[in-house]
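What follows is each chain in one-letter form.
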Amino acid sequence: MDAMIDTALVDVRNLSKHFHSGGSTVRAVDGLDFRIERGETVGLLGESGSGKTTTGRLLLRLTPPTGGEIRFDGDDVGSMAGAALKRFRTRAQLVFQNPFDAMNPRFTMRQSLSEPLINAGIPRAEREDRMAAVLGQVHLPDAAGVLGKYPHQMSGGQLQRVVLARALILQPVFIVADEPVSMLDVSVRAGILNLMRDVRDALGLAAIYISHDVTLVRYVCVRTLVMYRGRIVEDGPTAEVVRRPRHPYTQALISAVPVPRVEQNRAPIPLRPARPGGLDLAVGCGFRDRCPHAFERCFAERPELRLAGRGHLTACHLDP
Amino acid sequence: MPDLAAQDADHTATRQPVPVLLSVRDLRVTYRTSRGQVHAVDGASFDLGQAEMLGLVGESGCGKTTAARSLTGVLAGNARITGGSVQFAGRDLLSLSKQDARSVRWTEIAFVPQSAMNSLDPVYRIEWQLLEVLGRGSIRGKAARKRAAELLDMVGLPASVLSAFPHQLSGGMRQRVAIALALALNPVLIVADEPVTALDVIVQREVLDTMRDLQKRLHVSVIMITHDIAVVAYCCDKIAVMYAGQVVESGPSPVLLGQASHPYTMGLCNAFPDLERAADLLVPIHGSPPDLHDPPAGCRFAERCPFAQDRCRTSAPPLTQVAPGHMAACWRSAEAASLRLLAQEASTWMR
Chain A
114 MDAMIDTALV DVRNLSKHFH SGGSTVRAVD GLDFRIERGE TVGLLGESGS GKTTTGRLLL
174 RLTPPTGGEI RFDGDDVGSM AGAALKRFRT RAQLVFQNPF DAMNPRFTMR QSLSEPLINA
234 GIPRAEREDR MAAVLGQVHL PDAAGVLGKY PHQMSGGQLQ RVVLARALIL QPVFIVADEP
294 VSMLDVSVRA GILNLMRDVR DALGLAAIYI SHDVTLVRYV CVRTLVMYRG RIVEDGPTAE
354 VVRRPRHPYT QALISAVPVP RVEQNRAPIP LRPARPGGLD LAVGCGFRDR CPHAFERCFA
414 ERPELRLAGR GHLTACHLDP
Chain B
76 MPDLAAQDAD HTATRQPVPV LLSVRDLRVT YRTSRGQVHA VDGASFDLGQ AEMLGLVGES
136 GCGKTTAARS LTGVLAGNAR ITGGSVQFAG RDLLSLSKQD ARSVRWTEIA FVPQSAMNSL
196 DPVYRIEWQL LEVLGRGSIR GKAARKRAAE LLDMVGLPAS VLSAFPHQLS GGMRQRVAIA
256 LALALNPVLI VADEPVTALD VIVQREVLDT MRDLQKRLHV SVIMITHDIA VVAYCCDKIA
316 VMYAGQVVES GPSPVLLGQA SHPYTMGLCN AFPDLERAAD LLVPIHGSPP DLHDPPAGCR
376 FAERCPFAQD RCRTSAPPLT QVAPGHMAAC WRSAEAASLR LLAQEASTWM R
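Chains as they are written, first to last, in the working numbering: chain A, 114 to 433; chain B, 76 to 426.
Hint data in this document are derived by calculation from the structure and do not stem from the laboratory. Computed from a predicted structure; not experimentally measured. Among the clues, some could well be false.
[Claimed, not checked] Looking from chain A toward chain B, a few residues come up when the C-beta cut is under 7 Å (computed):
(1) P229
(2) I231
(3) S300
(4) A303
(5) V370
(6) R374
[To be verified] Quick list of the computed label-pair ranges, beta carbon to beta carbon:
(7) D288(B) <-> R126(A): 29 to 37 Å
(8) H252(A) <-> T272(B): 46 to 54 Å
(9) A412(B) <-> D393(A): 28 to 36 Å
(10) N153(B) <-> K262(A): 36 to 44 Å
(11) Y199(B) <-> S268(A): 51 to 59 Å
(12) A421(B) <-> Q224(A): 50 to 58 Å
(13) S213(B) <-> S134(A): 55 to 63 Å
(14) Q224(A) <-> D196(B): 41 to 49 Å
(15) A409(B) <-> G424(A): 26 to 34 Å
(16) S268(A) <-> R107(B): 23 to 31 Å
We put the CB at the ideal spot given by N, CA and C, even for glycine.
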């Protein structure tokens with residue numbers, strides 16, 4: 114272990130969330146280890162059911178883990194209470210997926226934005242300034258016009274900017290954004306993605322973007338974690354993960370992404386169909402039934418995340 | 076900058092003419108709402124050749140789903156077709172009697188709705204659902220059961236799926252079942268509404284490959300409705316781009332993706348992130364589409380178009396041919412090559 118460990122903003126160790134239903138155990142999140150440094154933008158890539166949304170909820174203490182721990186700025190998130198928990202709730206914020214669901218339809222933007230300020234005990238005199246400032250940050254300069262509006266009077270793109278503004282208004286140091294643009298149209302999405310880059314650069318806040326969309330993560334995130342069946346299978350600089358994926362799942366994923374051009378140079382890597390009825394995820398590799406390279410060891414022994422290149426980790430027995 | 080004009084000439088010269096299967100002209104569909112008539116499709120025109128795959132592309136509310144649904148006769152109760160014609164294999168679908176239209180729609184045009192879970196009945200096994208559709212085409216008994224197994228095989232599913240309920244299948248498997256249902260009566264045209272949108276990337280690619288393979292093997296024509304340019308680029312021969320109820324540009328995929336003539340198409344291509352060129356800044360299109368209760372008089376994109384001139388705001392440009400097989404509705408399509416270069420600059424779209 115190196116000396117950096119104390120400075121990580123988010124330090125996740127062996128984090129698990131197992132659900133028990135009808136005598137069987139669902140390993141939604143199964144032993145995650147990763148860190149997010151201050152100001153670092155990390156993408157969490159995975160398909161539906163991979164545990165990425167549960168991971169986001171665990172990071173914000175919206176659901177308790179069944180194992181492991183999360184340290185936020187050195188403090189154990191699970192044991193926070195009282196003032197410490199309240200402070201955590203202002204410093205770590207969630208950006209919702211669907212802007213139309215995230216905003217109360219009966220609240221004006223002013224009501225929606227002032228709610229977190231009131232909860233945090235910000236005096237009335239300061240609130241208007243804070244709201245105008247944060248709307249400027251999300252490129253909605255006409256604060257007076259925006260604040261009087263109801264959600265139905267705004268476009269999806271404008272509303273998503275306000276959702277982002279609400280997450281930023283208490284000046285957090287960490288945000289969790291779960292599929293932040295999946296509900297938006299292409300022409301609008303580009304603007305929000307640019308905005309996220311601007312916010313990343315201007316505010317220097319740490320963020321984790323949870324998405325199934327490789328192109329989005331490529332565009333916004335400096336580092337990428339790839340999840341498959343509750344585990345992290347790859348962790349590295351985004352450009353490396355996209356250009357030289359190490360884990361067979363990541364390789365298949367990247368090869369399957371279509372590009373908006375006629376020349377599609379990459380041949381998709383075929384995978385075997387998933388084993389019907391699922392796998393026993395307590396042993397072996399979670400990708401062993403679909404992996405084109407699986408061998409005996411993959412069935413018997415769980416691969417741990419290991420360094421495979423500069424700052425690039427992968428959990429695969431093929432990697433030496 | 077590569078010489079795009081030269082590539083353009085290549086693509087159009089090597090294309091073989093394909094017999095036309097479907098010809099939609101000036102289609103108009105309105106919805107009755109509490110706020111008055113919404114002109115959801117307002118003069119849409121496009122063609123589809125035999126055994127071609129057409130991507131009908133546009134953003135939410137542009138009328139792509141409504142246009143496609145009016146081909147298959149599955150419009151919502153408050154919708155009404157108010158004009159235009161739909162020539163399909165030599166007949167005008169819009170002037171057929173209800174009964175004739177229905178028989179065409181069951182056997183010749185099949186529809187794959189947006190969410191496969193909604194198109195399958197949760198309380199019946201897959202085999203029963205296939206048999207029901209086959210029964211509509213008078214295929215019954217042993218022959219029907221044999222055909223049901225064949226259909227699943229065609230979409231890459233094992234026969235064991237026959238006895239499964241929809242909830243026992245993954246999203247990708249359900250989507251394959253929905254495609255199998257569409258293929259049941261050997262249609263000549265399949266209309267698929269966002270068939271892969273809800274699927275994960277790897278599954279999406281597998282389903283697209285299956286669709287393309289079937290389309291080639293069975294010589295069936297496909298209209299794929301999607302907002303995803305990358306999906307269209309991957310599998311469609313032709314593209315029609317819709318904006319505010321109208322087709323603003325159509326043509327062979329390589330031409331539309333590389334040599335777009337309409338500024339909206341140029342904007343869409345710029346706004347789409349490309350995994351292999353992700354470092355550049357994305358260029359958004361500012362503003363939002365017009366209210367279709369009361370669409371503007373001129374070009375509907377003028378409000379958001381960086382190249383709009385006075386006449387664009389007063390008179391609507393017709394869909395005209397800019398090259399063989401390539402149509403665009405823009406007053407400035409003659410200047411498309413230079414506008415395309417400008418459209419790639421982020422500053423062009425900043426206002």
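Hints, one by one, checked against the model:
For P229(A), the suggested interface contact is broken, since its CB lies about 27 Å from the closest CB of chain B, more than 7 Å. Hint on I231(A) is violated. Least Cβ distance to chain B is approximately 31 Å, over the 7 Å limit. At its closest, the beta carbon of S300(A) sits 4 Å from a beta carbon of chain B; the interface hint therefore holds under the 7 Å criterion. Interface hint at A303(A): satisfied, since its Cβ lies 4 Å from the closest Cβ of chain B, which is below the 7 Å cut-off.
Taken as an interface hint, V370(A) checks out: its beta carbon lies about 5 Å from the nearest beta carbon of chain B, inside 7 Å. Using the Cβ-Cβ criterion of 7 Å, the hint placing R374(A) at the interface with chain B is satisfied: the shortest such distance is roughly 6 Å. The hint said 29 to 37 Å for the Cβ distance between D288(B) and R126(A), and at roughly 46 Å that hint is violated. Between H252(A) and T272(B) the beta carbons are some 28 Å apart, a value that contradicts the proposed interval 46 to 54 Å.
Range check, A412(B) to D393(A): about 60 Å between beta-carbon atoms, so the 28 to 36 Å window is missed. A hinted range of 36 to 44 Å is violated for the C-beta pair N153(B) and K262(A), which are about 28 Å apart. Between Y199(B) and S268(A), the C-beta spacing of about 41 Å breaks the proposed range 51 to 59 Å. Take A421(B) and Q224(A): their Cβ atoms lie about 35 Å apart, and the range 50 to 58 Å is violated.
The hinted window of 55 to 63 Å between S213(B) and S134(A) is violated, with their beta carbons roughly 45 Å apart. Judged by the Cβ atoms, the range 41 to 49 Å given for Q224(A) and D196(B) holds: they are separated by roughly 43 Å. A hinted range of 26 to 34 Å for the beta carbons of A409(B) and G424(A) is inconsistent with their spacing of about 52 Å. A hinted range of 23 to 31 Å holds for the C-beta pair S268(A) and R107(B), which are about 24 Å apart.
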